[in-house]
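Residue numbers (the numbering used here), protein chains in the order written: chain P, 1 to 250; chain V, 1 to 52; chain E, 1 to 227.
It is worth saying that the hints were derived from the structure and are not from the lab.
Keep in mind that the hints are not guaranteed to be accurate.
[Unchecked claim] Stretches of chain E that chain P covers, calculated by requiring three or more beta carbons in the stretch to come under 8 angstroms of a beta carbon on chain P:
1) 5 to 15
2) 20 to 33
[Claimed, not checked] A few chain E residues that don't get close to chain P, going by computed Cβ distances all over 10 angstroms:
3) L117
4) L121
5) I153
6) S201
7) I224
Backbone N, C-alpha and C fix where the C-beta goes; we use that ideal spot for every residue, glycine too.
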Amino acid sequence: MGINWLKYSAPQAFYPLAGKLIPWFSIVAALAIAVGLYIGLLVAPTDFQQGESYRIIFVHVPAAWMSMFLYVVMALWAGFGMGLNARLSFMMAQAIAPTGAMFTFLALLTGAMWGKPTWGAWWVWDARLTSELILLFQYAGVMLLRTSIDDLRRADRASGVFALVGVVNVPIIYFSVKWWNTLHQGASVSMTGGSKMAATMLTAMLLMTFGFWMYSMAVILSRSRCVILEREQLLSWNKSASTPEPVEVR
Amino acid sequence: MYWGSMSEFWAMGGYGLYVWTSYIVTALCLVWEVLALWRRRAAAAAENRGLL
Amino acid sequence: MTRPGMWDALCGVVRRDLLLAMRRRSDAAMPVFFLVIVASLFPLGVGPEPAVLRTIGPGVLWVAALLACLLSLGRVFTADYLDGVLEQMVLIAQPLPVLVVGKVFAHWVIAGVPVVLLSPLLGMQFGLDGEAVAVLALSLLLGTPTLSMIGTIGAALVLGVRGSGLLVALLVLPLYVPVLIFGAGAVASSLAGVGAEANLSLLGACLVLSLFFAPWATAAALRIALE
Chain P
1 MGINWLKYSA
11 PQAFYPLAGK
21 LIPWFSIVAA
31 LAIAVGLYIG
41 LLVAPTDFQQ
51 GESYRIIFVH
61 VPAAWMSMFL
71 YVVMALWAGF
81 GMGLNARLSF
91 MMAQAIAPTG
101 AMFTFLALLT
111 GAMWGKPTWG
121 AWWVWDARLT
131 SELILLFQYA
141 GVMLLRTSID
151 DLRRADRASG
161 VFALVGVVNV
171 PIIYFSVKWW
181 NTLHQGASVS
191 MTGGSKMAAT
201 MLTAMLLMTF
211 GFWMYSMAVI
221 LSRSRCVILE
231 REQLLSWNKS
241 ASTPEPVEVR
Chain V
1 MYWGSMSEFW
11 AMGGYGLYVW
21 TSYIVTALCL
31 VWEVLALWRR
41 RAAAAAENRG
51 LL
Chain E
1 MTRPGMWDAL
11 CGVVRRDLLL
21 AMRRRSDAAM
31 PVFFLVIVAS
41 LFPLGVGPEP
51 AVLRTIGPGV
61 LWVAALLACL
71 LSLGRVFTAD
81 YLDGVLEQMV
91 LIAQPLPVLV
101 VGKVFAHWVI
111 AGVPVVLLSP
121 LLGMQFGLDG
131 EAVAVLALSL
141 LLGTPTLSMI
151 GTIGAALVLG
161 VRGSGLLVAL
171 LVLPLYVPVL
181 IFGAGAVASS
191 LAGVGAEANL
201 SLLGACLVLS
211 LFFAPWATAA
221 ALRIALE
């Protein structure tokens, strides 16, 4: 195919492309979530151990997966940005952070909702929960660092370094179950031994995850368009001010 | 269809509060994010038009 | 005359930082006083029950050590940043990560070693027995260099940023969590009679890992801050 993908690394070219993609991702997300909800809430049988409360996992597990996945993707974009010196990469990283933080919050909240009837406590200082909480702090750190640095170039890079340093935490989250072996139930889906869940439950969970993923794509593309607009505005504002205001130096 | 009646569906075997809170808060968060983005985009576009 | 090697540069940075710290001894002593005061507040707040103090002791002392280390992070680069020495460090032929290791080592000697030396005393305040006190000191000896390593990344990231004191805490504390878990876990497991070896070796692993990665991250952060 003769499409020059590199062309889209320029924000000006990426902007209309993202605009064209957003509706498609939105439609796919809506369909996947609708079918996932239908199967998860209406078709899937009850879990003989946990009763109906297990249906929370259809939002909990996808949210938790997305929170970790988005953090890694954000760090990767920041890494690309620093390696290739590409502005758009940093814009993507900036666009991912709020959505990732939201999914982390949702994973914690739905986890508490699941934990109360199952363990009898809203919150347990279990390794996976704790790591997810730390992940939320890291998202907050990335966003706070960005907003407290005025120089855009430095803000991009500094928050990128922090995101990359924090990425060490994500494998700790995932493997913490094996390391500390605490209250949290073992992974529901394991790569090696196949799934312990009923097929309908697994279908619903994977559909919901796919739906959340596509939703994230749509939202992140949309936010990256906002970021491009805001930054271009800043640039043109800087250019149009021919006589710069005297800056107070402290 | 798994459920016998509508009220059974809402009760979720006694776990209705937990299950529906999870789903509703998740839905609210997603909708809120989309609306916030909508407004942010509108604001950014309006500012840019004012400049050109 | 030959150009000074990496080892000379490293020693030079360490010597200079230690000399500067010796000239401002009260500055260097403040985090240690902070540690002692925080550790002494807990028995007053929780009550003098020996069994309770022994249970919370390892965690409290480790958290206090964490905060003491955090307090002194602001000093690692700020003075050099303001008087332009840091810019020279970035420009000279010696690799920046090596110089960073020197800065970290000096920070550890100033802020970490006093904590390690004081810890037996504080441990006894919390009613820890002989073996637990030894494990506490050993865990701090293994853990505080890691804290300095990770902390300097944060210090470099927020260099010259407004509100940097609070921001560095928000950035660094989440990254300190594994060290805290293993460090306090080592003392707690020794108290429980399980043996602290597993936790201590995990602390050692954290140290090696941070020794490999942190200097590069700090160097990258410094270059970004000085661009």
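Results of checking the hints against the structure:
1. 5 to 15: It is violated, with 0 qualifying residues against the three required.
2. 20 to 33: With 0 residues closer than 8 angstroms to chain P, the segment 20 to 33 of chain E misses the three-residue bar; violated.
3. L117: holds (30 angstroms)
4. L121: holds (29 angstroms)
5. I153: violated (6 angstroms)
6. S201: At about 13 angstroms from chain P, S201(E) clears the 10 angstroms cut-off, so the statement holds.
7. I224: Nearest chain P Cβ is 4 angstroms from I224(E), so the label is violated.
In this structure, the earlier hints numbered 1, 2, 5 and 7 are contradicted, and the remaining ones agree with it.
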